[in-house]
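> Chain by chain, the residues run as shown.
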Amino acid sequence: MTPEEVKHHIKTYVIVFVALAFLTVVTVAISYLDIGVVPGIALGLFVASIKASLVACYFMHLIDERTTIYWTVIATAISFLILIFIPIGAMLAQARVY
Amino acid sequence: MEIPYNVKERPDTGLYNGKLGVWFFLASEVMLFGGLFSAYIFLRNGVDYWPHGTDYLDVPLATLNTLFLISSSVTMVMSWASLKLNDFKKFKMYCGTTLLFALAFLVVKYFEYSAKFAHDPPYLPSTNNFLGIYFTMTGLHVLHILGGMLVIGYYFGPGSKMWKTEPERFTNRIEIVGLYWHFVDLVWIFLFPVLYLL
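First to last, the sequence lines map onto chains L and D.
Residue 1 is where the first sequence starts when you use our numbering, and the numbers rise one by one after that.
Residue 1001 is where the second sequence starts when you use our numbering, and the numbers rise one by one after that.
What the hints contain is simulated information worked out from the structure, not anything from laboratory work.
Errors might be hidden in some of the hints.
[Unchecked claim] Below, computed lysine-lysine pairings styled on DSBU-like, alpha-carbon distance capped at 30 angstroms:
| hint | chain 1 | residue 1 | chain 2 | residue 2 |
| --- | --- | --- | --- | --- |
| 1 | L | K11 | D | K1164 |
| 2 | D | K1008 | D | K1109 |
| 3 | L | K7 | D | K1161 |
| 4 | L | K11 | D | K1161 |
| 5 | D | K1092 | D | K1161 |
| 6 | D | K1084 | L | K7 |
| 7 | D | K1109 | L | K7 |
| 8 | D | K1090 | L | K11 |
| 9 | L | K11 | D | K1092 |
| 10 | D | K1089 | L | K11 |
| 11 | D | K1089 | D | K1161 |
| 12 | L | K11 | D | K1116 |
| 13 | D | K1090 | D | K1109 |
| 14 | D | K1164 | D | K1109 |
| 15 | L | K7 | D | K1008 |
| 16 | L | K7 | D | K1164 |
| 17 | L | K7 | D | K1089 |
| 18 | L | K7 | D | K1092 |
| 19 | D | K1116 | D | K1161 |
| 20 | D | K1084 | L | K11 |
[Unchecked claim] Short, incomplete list of chain L residues facing chain D, as computed with Cβ under 10 angstroms:
| hint | residue |
| --- | --- |
| 21 | V25 |
| 22 | A56 |
| 23 | Y58 |
| 24 | I63 |
By construction, the Cβ of each residue, glycine as well, lies at the ideal position given by its N, Cα and C atoms.
Sequences are here, hints too, so could you generate the full structure?
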């Protein structure tokens, strides 16, 4: 990485920081909206996902990485989603029983 | 014997070994916290009433802590960028600032936990499922902060001697610690709305 490229990266880090701080305020503001529990959760997690993507893409440099790391991240994301869908699946199965 | 590929990229992966190693470690960390997020969904769906975070927790303090962690992530990545620009002084400044932000996070967390224990009746992990999962998840996260501070502190202090002898290897080490630190920030980005706001 050339010094010019690093300097360009530094500008991006500052912009991402401002975006993260702004989105933190948005996350808190959403919690005060009276839009119901499920839409509130969906919106809150949506904003959190944007923040997480910014951290992963720019601070962790995922936006410009090697294929080996992309495969590692994809395998991890699939495993994580399985973990999360186990209780959701159980909840849906229970809803069908009653 | 010299350890291979700690600076040079390994031909088959295109990465130095430590970087791939830390990504594998982070994959295991995702599953560790993922298990707890899964338990949270299970507990929350199993009851008719689930308290709102504000019933027990302090949102302004947690917002402040979120800002501390985000700031520490920026200073961490800036410390790596400073090394890439051959500016060791700036590295020290950013690395030290990262440690200060991490310490500020812990101080706020100490006041948060103290307020829970001092409450009459005390709010303990055994009080209910909400507080149980709150203390488990935030407690594990605090342990990760402490672990990160230990490693960052080492590279800020005695470990920084490596810059004089093997600058590239040292820069890679800071990149690896940074990846871990950003992951800790990333976990908090989800913990904050899930526990405090939703």
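> Does each hint hold? Answer for all of them.
Structure-based check of all given hints:
1. For the given pair, K11 of chain L sits about 28 angstroms from K1164 of chain D by alpha-carbon distance, which is consistent with the 30 angstroms threshold.
2. Our distance criterion of 30 angstroms between C-alpha atoms is broken by K1008 of chain D and K1109 of chain D, whose separation comes to about 41 angstroms.
3. A hinted pair counts as satisfied when its Cα atoms are at most 30 angstroms apart, and K7 of chain L with K1161 of chain D qualifies at roughly 25 angstroms.
4. Restraint check for K11 of chain L and K1161 of chain D: the C-alpha separation of about 29 angstroms stays at or below 30 angstroms, so the hint holds.
5. A C-alpha spacing of about 12 angstroms is found between K1092 of chain D and K1161 of chain D, which places the hinted pair at or below 30 angstroms, so the restraint holds.
6. For the proposed pair K1084 of chain D and K7 of chain L, the alpha carbon gap of about 10 angstroms is at most 30 angstroms, so the pair holds.
7. About 35 angstroms separates the Cα atoms of K1109 of chain D and K7 of chain L, which puts this hinted pair outside 30 angstroms; it is violated.
8. For the proposed pair K1090 of chain D and K11 of chain L, the alpha carbon gap of about 16 angstroms is at most 30 angstroms, so the pair holds.
9. With a C-alpha separation of about 20 angstroms, the suggested pairing of K11 of chain L with K1092 of chain D holds against the 30 angstroms cut-off.
10. For the hint pairing K1089 of chain D with K11 of chain L, the CA-to-CA distance comes to about 20 angstroms; that is within 30 angstroms, so the pair holds.
11. Straight-line distance between C-alpha atoms of K1089 of chain D and K1161 of chain D comes to about 13 angstroms, which keeps the hinted pair within the 30 angstroms bound.
12. Proximity of K11 of chain L to K1116 of chain D is assessed by CA-CA distance (about 41 angstroms); at most 30 angstroms being required, the pair is judged violated.
13. For the given pair, K1090 of chain D sits about 29 angstroms from K1109 of chain D by alpha-carbon distance, which is consistent with the 30 angstroms threshold.
14. Taking the CA atoms of K1164 of chain D and K1109 of chain D, the gap is near 37 angstroms; set against the 30 angstroms cutoff, the hint is violated.
15. At roughly 23 angstroms between alpha-carbon atoms, K7 of chain L and K1008 of chain D fall within 30 angstroms of each other, so this suggested pair holds.
16. Among the hinted pairs, K7 of chain L with K1164 of chain D is consistent with the structure: their alpha-carbon atoms are about 23 angstroms apart, no more than 30 angstroms.
17. A hinted pair counts as satisfied when its Cα atoms are at most 30 angstroms apart, and K7 of chain L with K1089 of chain D qualifies at roughly 17 angstroms.
18. With a CA separation close to 18 angstroms, the supplied pair K7 of chain L and K1092 of chain D stays within the 30 angstroms bound.
19. Taken as a hint, the K1116 of chain D and K1161 of chain D pair is broken in the structure, with Cα atoms around 43 angstroms apart against an allowance of 30 angstroms.
20. Our distance criterion of 30 angstroms between C-alpha atoms is met by K1084 of chain D and K11 of chain L, whose separation comes to about 15 angstroms.
21. Residue-level restraint check for V25 of chain L holds (minimum Cβ-Cβ distance to chain D is 8 angstroms; threshold 10 angstroms).
22. Evaluation of the A56 of chain L hint against chain D yields a held restraint, the C-beta minimum of about 7 angstroms falling below 10 angstroms.
23. Hint status for Y58 of chain L relative to chain D: holds, with the closest Cβ pair at about 8 angstroms, below 10 angstroms.
24. Interface restraint check: I63 of chain L against chain D, minimum CB-CB distance 13 angstroms, threshold 10 angstroms, status violated.
Violated hints for the displayed structure, listed by number in ascending order: 2, 7, 12, 14, 19 and 24.
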